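Take these sequences, add in the hints, and give me the full structure.
Chains A and B, in that order, are what the protein sequence lines are. If you want the working numbering, it's the position in the first sequence, counting the first as 1, plus 299. If you want the working numbering, it's the position in the second sequence, counting the first as 1, plus 42.
Calculated directly from the structure, the hints in this document are not laboratory data. There's no promise every hint is true.
Dumping the calculated DSS-like pairs for lysine-lysine here, alpha-carbon to alpha-carbon at most 25 angstroms [said to hold, decoys possible]: (1) Lys136/B x Lys305/A; (2) Lys305/A x Lys56/B; (3) Lys125/B x Lys136/B; (4) Lys125/B x Lys305/A.
These figures come from a predicted structure and were not determined experimentally.
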Amino acid sequence: MDPRAKAEEDLRVIRSLMERATVYRAISAPTALVAGLLSTLAAVAIYWNNEVSLFFDRPMRGRQFAEFWIAVLFVAVAANTFFIWREARRTGRPFVSSGMKLAVRGIAPCLLVPAAFTAWFFGTGYLGGAELELVVVWIVSYGLALLSTALFAPRSLALLGWAFLLSGMAIPALNNLIEDFPIDIPLAAMGTTFGLYHLIYAAFTWPRKRARFQAEPALE
Amino acid sequence: MLDFDKLDKAIHEKGRLAIMTLLATRVGWTFQDLKEELRMSDGNLITHLRTLHRLGLVAYTKEVHDRPQTTYALTVKGRAAFKDYLHVLEQIVKAGKK
Numbered sequence: 300m301d302p303r304a305k306a307e308e309d310l311r312v313i314r315s316l317m318e319r320a321t322v323y324r325a326i327s328a329p330t331a332l333v334a335g336l337l338s339t340l341a342a343v344a345i346y347w348n349n350e351v352s353l354f355f356d357r358p359m360r361g362r363q364f365a366e367f368w369i370a371v372l373f374v375a376v377a378a379n380t381f382f383i384w385r386e387a388r389r390t391g392r393p394f395v396s397s398g399m400k401l402a403v404r405g406i407a408p409c410l411l412v413p414a415a416f417t418a419w420f421f422g423t424g425y426l427g428g429a430e431l432e433l434v435v436v437w438i439v440s441y442g443l444a445l446l447s448t449a450l451f452a453p454r455s456l457a458l459l460g461w462a463f464l465l466s467g468m469a470i471p472a473l474n475n476l477i478e479d480f481p482i483d484i485p486l487a488a489m490g491t492t493f494g495l496y497h498l499i500y501a502a503f504t505w506p507r508k509r510a511r512f513q514a515e516p517a518l519e
Numbered sequence: 043m044l045d046f047d048k049l050d051k052a053i054h055e056k057g058r059l060a061i062m063t064l065l066a067t068r069v070g071w072t073f074q075d076l077k078e079e080l081r082m083s084d085g086n087l088i089t090h091l092r093t094l095h096r097l098g099l100v101a102y103t104k105e106v107h108d109r110p111q112t113t114y115a116l117t118v119k120g121r122a123a124f125k126d127y128l129h130v131l132e133q134i135v136k137a138g139k140k
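Below you can see the structure in the form of structure tokens.
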């Protein structure tokens with residue numbers, strides 16, 4: 300191999316290794332599993348309460364609906380924090396890593412709109428039955444938040460972000476069509492995206508023991 | 043004409059180059075993480091790390107949490123050597139394009 304080709308090959312290997320080493324997965328597979336299970340259970344519980352048998356004293360709509368999902372969010376965030384802490388402890392790395400700082404810097408601005416919209420919903424929005432709008436804002440913003448880490452996140456996380464973003468955008472676009480469905484659209488949207496999508500993501504990204512010999516060339 | 047002998051032979055070996063690259067991305071890498079990322083055998087990895095340590099390019103610390111853990115990091119000399127190595131590679135690529 301001539302020196303230039305060898306130098307280019309070395310630079311390519313260095314770049315690829317550096318990219319791989321700096322990848323940061325803001326949502327780990329265990330977090331996605333917890334979030335997916337919780338969201339699915341929450342959707343089923345609300346559906347059961349509203350349509351089959353009241354066990355929350357009254358139908359979960361408006362503020363209660365939003366409060367219930369915010370509680371799910373807090374538990375999922377707590378689980379994520381725990382999993383990141385456990386991984387940091389296992390590997391001896393700092394809990395607040397450079398990757399985490401980068402992710403937070405990207406994600407934080409995307410959370411301003413849903414925070415403001417949720418505040419509005421709790422103030423007056425719930426009176427007009429704006430659950431669907433709230434859910435769309437949550438789903439789209441979550442998708443954008445995930446995509447804001449796409450430059451240093453694994454491809455699977457970016458795909459999850461796109462799935463949320465496109466699904467959230469599709470709800471108002473298909474509003475006329477889905478309005479006739481005999482189901483609670485906000486609830487179905489939450490269960491499908493935060494529940495099902497997270498479970499699919501967890502299944503595809505669950506850590507598996509890597510084979511020593513793989514198709515790609517080893518670096519040794 | 044570029045002098046190819048300027049390339050640091052210690053880093054030029056593919057396994058050691060990969061180790062130096064990973065060490066350049068973070069403050070420290072545990073042995074297990076390096077092994078997992080590079081898919082090297084224990085023996086191969088430790089041999090390369092010893093070579094780099096002997097040359098003063100890599101430092102290590104041993105800690106015991108739940109179990110003993112060795113963390114490797116680039117020394118100042120190692121970081122400078124890696125930068126120089128990259129610089130020489132860039133020069134070779136540029137010279138080849140002319």
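Verification of the hints:
no. : hint                : result
1   : Lys136/B x Lys305/A : 13 angstroms, holds
2   : Lys305/A x Lys56/B  : 11 angstroms, holds
3   : Lys125/B x Lys136/B : 16 angstroms, holds
4   : Lys125/B x Lys305/A : 18 angstroms, holds
When the structure is compared with the earlier hints, no violation turns up for any of them.
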